[in-house]
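Since the structure of chain A is already known, use the hints to place chains B and C on it.
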Amino acid sequence: MKSLTEYLTFNTKTRTAFVNLTPQVRQLVKKSKIQEGFCLVNAMHISASVFINDNESGLHRDYAKWLEKLAPHEPINQYEHNDTGEDNADAHLKRQIMGREVTVAITNGELDFGPWEQIFYGEFDGMRPKRVLVKIIGE
Amino acid sequence: MKSLTEYLTFNTKTRTAFVNLTPQVRQLVKKSKIQEGFCLVNAMHISASVFINDNESGLHRDYAKWLEKLAPHEPINQYEHNDTGEDNADAHLKRQIMGREVTVAITNGELDFGPWEQIFYGEFDGMRPKRVLVKIIGE
Amino acid sequence: MKSLTEYLTFNTKTRTAFVNLTPQVRQLVKKSKIQEGFCLVNAMHISASVFINDNESGLHRDYAKWLEKLAPHEPINQYEHNDTGEDNADAHLKRQIMGREVTVAITNGELDFGPWEQIFYGEFDGMRPKRVLVKIIGE
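Chains as they are written, first to last, in UniProt numbering: chain A, 1 to 139; chain B, 1 to 139; chain C, 1 to 139.
Treat the hints with care, as some may be off.
Cut-off 25 Å, straight-line C-alpha distance, at most; resulting in silico cross-link-like pairs (PhoX-like, lysine-lysine) [to be verified]:
#, chain 1, residue 1, chain 2, residue 2
1, C, 65, B, 69
2, C, 69, B, 65
3, A, 2, C, 65
4, A, 2, C, 33
Which chain B residues stay away from chain C? Per the calculated CB distances, all over 12 Å, these [stated by the list, open to error]:
#, residue
5, 27
6, 61
7, 83
One-sided excerpt, in silico: chain C residues whose CB lies under 10 Å from chain A [claimed, not checked]:
#, residue
8, 36
9, 53
10, 56
11, 57
12, 74
13, 76
14, 104
15, 127
For the record, the hints were derived by calculation from the structure and aren't laboratory data. Every residue, glycine too, gets a C-beta built ideally from N, C-alpha and C.
Just chain A, same shape as in the assembly:
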């Protein structure tokens, strides 16, 4: 069994942001030389997500608006977590809806993707450096 481990760092300019990781992950699959296996991509911070969906900016704005409706940032004092001095309780909720991680099959040395699948980093408490783990195992 072979494996590859890499860490990507993101520092988004806005509190909420979606970043397409697919080119970077594809590069790492190539680098790993793994032909058949699994590729795990996960947020290492608990107020951010990694998920697979469409590379369409209108949809990303729909996600941001929808998540804000399901788990609003304001008023900050509606969340007990924010009594600790934080203001990001909503980000911990939003991240549960969008997910922490994806596992992608590697087949013939490539991400085994459907026609529209792309991997995104979803940031809900940005403007500081945060990491994503890529771990590939296989043969």
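Relative to the frame of chain A, chains B and C by itself:
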């Protein structure tokens, strides 16, 4: 390390549908001859889900009703994604709640399941052929 | 390829509860002697979750309150699933938001975690014994 890769195709008669994949996945685990490993099952389309829950039709109707409340299909113009000519933005939202994929342990050559666990394909924009990937790795 | 399979049992005193599994999972990673690989942790019951987030009790109360708003327990007869004699339909919905499973990378023989990542069992229909599976594969 051994691996097996298969693609299942679904073409549901309704926009929303839940299909039990467990018998097909069990067959593939047997075919793989893998005794200890992981089985990944994921939707290859971004308006559909794969998830594990109960094989109970009343619960599936509860899911459909609940998802429609959290991410309504109508009015279509409430979503920017639909400005592209699509009408399925809600399906991309519903799929995030239900999830893209499951990873199931294989132990002694079988899906290592609790008493009620069953794998479902969740369709939110059906009536056309869409694929699910099953990838098994292990020994 | 090496593997380790273990089952943890939980019997929470309340219907809703969050239990930190991280120390037990860490022990199992050590026991597996696996240096590079994947660790899958999943609920074996379909009204419970395994997820990764913050070890902060205020946040856990925020989760419980938020999930109750998104998928209320009462009135019980709002869910078709409860016509079967159950009263836990809401737990099946809550579990979809929080997720069934996590896959964690193992690097240099340790859970490859960000600074605040901790693994939790999320119970939404407790007061009876329920199991969690830990399966580790790698080398």
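These are the hints, each one checked on the structure:
1. 65/C <-> 69/B: holds, 18 Å
2. 69/C <-> 65/B: holds, 16 Å
3. 2/A <-> 65/C: violated, 44 Å
4. 2/A <-> 33/C: holds, 16 Å
5. 27: holds, 21 Å
6. 61: violated, 5 Å
7. 83: holds, 28 Å
8. 36: Since chain A brings a Cβ to about 4 Å from residue 36/C, closer than 10 Å, the hint holds.
9. 53: holds, 5 Å
10. 56: holds, 6 Å
11. 57: holds, 8 Å
12. 74: violated, 20 Å
13. 76: With a closest approach of 23 Å, the residue 76/C hint is violated.
14. 104: Check passed: Cβ of residue 104/C comes within 8 Å of chain A, closer than 10 Å.
15. 127: violated, 24 Å
Hint violations for this structure: numbers 3, 6, 12, 13 and 15, all remaining hints satisfied.
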